[in-house]
Amino acid sequence: MTLFLEQMLNGVQFGVMLFLLAAGLTLVFGIMGVINLAHGSLYMIGAYAGTWIAGETGSFLLGILGAFAAAALAGVAIEYLVVRRLYGRDHLDQVLATFGLILIFNQTITLIFGRQPLFVSVPAILDGSIEIVPGLEYPLYRLTIIVVGLLVAAGLYLLINKTRIGMLVRAGSTNRDMVRALGVDIRLLYTLVFGLGALLAGLAGFMAGPIMAVQVGMGEQILITTFVVVVVGGVGSIRGAFFASLFLGVVDTGLRAYLPGLLRHVLAGSEADALGAGISSMGIYLIMAIVLLIRPKGLFMPNS
Amino acid sequence: MTPQTEHSSRRLLPALAVLALLIALPYLAQATGYTAMTTLATRVLIYGIAAASLNLVLGYGGMVSFGHAAFFGIGGYTVGILYQHYTLGEPLFGFIPGTNQLLITLPAAIVVSGLFAAAIGALSLRTGGVQFIMITLAFAQMLFFLFVSLKTYGGDDGLIIRRANELPGLNMRDKQTVYYVCLAIAVLFALVLSRIIRSRFGNVLSGIRQSEKRMAAIGLPVNSYKLVAFIISGMGCGLAGALMANFLRFASPDMLHWTKSGELMVMVILGGVGTLFGPFLGAAVFIVLESLLSSWTENWQLGLGVILLFVVLYTQGGVQALLGRLRRRA
Chain A
1 MTLFLEQMLN GVQFGVMLFL LAAGLTLVFG IMGVINLAHG SLYMIGAYAG
51 TWIAGETGSF LLGILGAFAA AALAGVAIEY LVVRRLYGRD HLDQVLATFG
101 LILIFNQTIT LIFGRQPLFV SVPAILDGSI EIVPGLEYPL YRLTIIVVGL
151 LVAAGLYLLI NKTRIGMLVR AGSTNRDMVR ALGVDIRLLY TLVFGLGALL
201 AGLAGFMAGP IMAVQVGMGE QILITTFVVV VVGGVGSIRG AFFASLFLGV
251 VDTGLRAYLP GLLRHVLAGS EADALGAGIS SMGIYLIMAI VLLIRPKGLF
301 MPNS
Chain B
1001 MTPQTEHSSR RLLPALAVLA LLIALPYLAQ ATGYTAMTTL ATRVLIYGIA
1051 AASLNLVLGY GGMVSFGHAA FFGIGGYTVG ILYQHYTLGE PLFGFIPGTN
1101 QLLITLPAAI VVSGLFAAAI GALSLRTGGV QFIMITLAFA QMLFFLFVSL
1151 KTYGGDDGLI IRRANELPGL NMRDKQTVYY VCLAIAVLFA LVLSRIIRSR
1201 FGNVLSGIRQ SEKRMAAIGL PVNSYKLVAF IISGMGCGLA GALMANFLRF
1251 ASPDMLHWTK SGELMVMVIL GGVGTLFGPF LGAAVFIVLE SLLSSWTENW
1301 QLGLGVILLF VVLYTQGGVQ ALLGRLRRRA
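Those sequence lines, one after another, are chains A and B. In terms of this note's numbering, the first sequence has 12 at position 12, counting the first letter as 1, and numbering is strictly consecutive. The number in this note's numbering is simply the position in the second sequence, starting from 1, with 1000 added.
Rather than coming from a laboratory, the hints here were simulated on the basis of the structure. Don't be surprised by glycine CBs; every beta carbon is placed ideally from N, CA and C. Check before you lean on any hint, since a few could be wrong.
Now the in silico label distances, taken between C-beta atoms and shown as ranges [unchecked claim]:
{"hint": "1", "chain 1": "B", "residue 1": "Ile1218", "chain 2": "A", "residue 2": "Arg115", "range": "50 to 60 Å"}
{"hint": "2", "chain 1": "A", "residue 1": "Thr108", "chain 2": "B", "residue 2": "Thr1032", "range": "34 to 44 Å"}
{"hint": "3", "chain 1": "A", "residue 1": "Gly88", "chain 2": "B", "residue 2": "Ile1218", "range": "26 to 36 Å"}
{"hint": "4", "chain 1": "A", "residue 1": "Asp90", "chain 2": "B", "residue 2": "Gly1219", "range": "21 to 31 Å"}
{"hint": "5", "chain 1": "B", "residue 1": "Tyr1153", "chain 2": "A", "residue 2": "Gly114", "range": "27 to 37 Å"}
{"hint": "6", "chain 1": "A", "residue 1": "Val266", "chain 2": "B", "residue 2": "Leu1019", "range": "47 to 57 Å"}
{"hint": "7", "chain 1": "B", "residue 1": "Ser1294", "chain 2": "A", "residue 2": "Gly183", "range": "43 to 53 Å"}
{"hint": "8", "chain 1": "A", "residue 1": "Leu136", "chain 2": "B", "residue 2": "Lys1151", "range": "28 to 38 Å"}
With these hints in hand, go ahead and build the complete structure from the sequences.
Here you go:
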């Protein structure tokens, strides 16, 4: 039972990470209508910048600030130089231009930091684990990620639903042209939203550092999963992204944890492991396909 | 850009000149001492077939599929799996005998990838826009992970095909022969594709891209047209994959990876979306760029990224349109 609970928490932690990425991606798509494949690169940039600064200065806090700064800077630069030209274009151009950006960022990072992954240890304050329920020791660091993620979700909820900027964002994702026609400085709004998304991606990347290796290609791995989250939740819906992230995070982690074991009852050990790993990787895509076939616009699409 | 103007008689002469050049290419390669040119050209032809197939849905049908590497990989694996069962001497599923005959494996690859395209297309075409992009990606990813997990067929490491498939009367171990076989198939394929594009079917497909509502209003079964185009396109990619497996003597999950789908799209857009020869040109530009840049620096992808960005942002319609504009200016 405690093992099950631990896996669930791991799932929630993964889900929260996905949410940090999906929130930005879904906003950028919902409001600007741009498919940004380079969102994963912002995650990678945050991870590298934060991890490097934390390693050089020995301060986790400076690392966070560095990750924020680097990701936001890169995000605003991408928006200003490339994405701004893609607003009116069709999806094909957007996919290809941002695919080009991925290549550029990956190689630039390789040039600066080399091919070796960076490793970073958990900061001393957050090291160790605490007993949540009797018999379940859970790493403090992962717990912190969950808390940070939920706080960000709450903050975004307030921002989107209770502030003027949030109102414009909601209006923008429902009817872009109308907002523009009402005289809102839509370009500033676009840059803000893009920067916010980049910030969250950078945060996610930095927090992922101590759990996963910081390496080139880390962005694409999680990017595709994030797209699944965005599409399942409904493009443009933060609420949808939140529930879809948690759901898919838990399902993915659960499948990885339990499927090989279940298959071992029917297959030989190594084959069960390989097949189990394969099918668990397929799980979220299967869910996405089913969701799209039942509700082609996603689960939480407003007004549908 | 319209298919009708594509193949007028004015274009026939340059096409014949290019064909003559392609036939002479292995000899030119030997004469100049740059023998790697033949294998490079073989890869260009194979990727050209795949990109031209993708272009049928992407350029003519307006369906942005981000999962066409799946069909490329299925074609490759069809060849690999049939070969493995041929060498082991045990039939596939207990009743399909393995084979190493190209005349059987190629049609098999086309049929199998066509079946997969029918299933994936029928499901995916119920969505549209960004959801279509993502659902095609999702199916390709599922197949990618399926092949990664199939230990019987090499899993992660891929499937080695010790000898290329046999074609009666030809020595398929000779690189030059393989090149000519690929050239013949590519020319045949381009002819078939040009017939399809100029047919009533092709015109309807272009019409659907321009206005799906209007085509539906005329009373045409829009979804069937899109599905048939998707299936034909999948079959073409399967054919290319089968040739690639023969050329590399290797089939691996890499063939189905989503970056491969991206590369195929890059080739289409480099050459020019919605043109018959554009994708072949795009494949040539892509492969040559890749090998040139990678011989200069191991960070060749940086250059590729910059070029890609430039092409998307500043050239409307890829290399072919760029050439056309230059020609008109001259």
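Is it true that the C-beta distance of isoleucine 1218 of chain B to arginine 115 of chain A lies inside 50 to 60 Å, as the hint says?
Roughly 56 Å apart at Cβ, these two residues keep to the hinted range, so it holds.
Mind checking the hinted window 26 to 36 Å against the Cβ distance between glycine 88 of chain A and isoleucine 1218 of chain B?
The hinted range 26 to 36 Å holds for glycine 88 of chain A and isoleucine 1218 of chain B, with Cβ atoms some 29 Å apart.
Please test the hint of 47 to 57 Å on the beta carbon pair from valine 266 of chain A and leucine 1019 of chain B.
holds (56 Å)
Aspartate 90 of chain A versus glycine 1219 of chain B beta-carbon gap, inside 21 to 31 Å or not:
Roughly 27 Å apart at Cβ, these two residues keep to the hinted range, so it holds.
Does the Cβ distance between serine 1294 of chain B and glycine 183 of chain A fall inside 43 to 53 Å?
Given a distance of about 51 Å, which is inside 43 to 53 Å, the answer is holds.
Could you see if the CB distance from leucine 136 of chain A to lysine 1151 of chain B stays within 28 to 38 Å?
Holds, at about 35 Å.
Holds or violated: 27 to 37 Å for the Cβ distance of tyrosine 1153 of chain B and glycine 114 of chain A?
holds (35 Å)
Consistency of beta-carbon spacing, threonine 1032 of chain B to threonine 108 of chain A, with hint 34 to 44 Å
Check passed, 36 Å falls within 34 to 44 Å.
Hint check: no violations occur; every hint is consistent with the structure.
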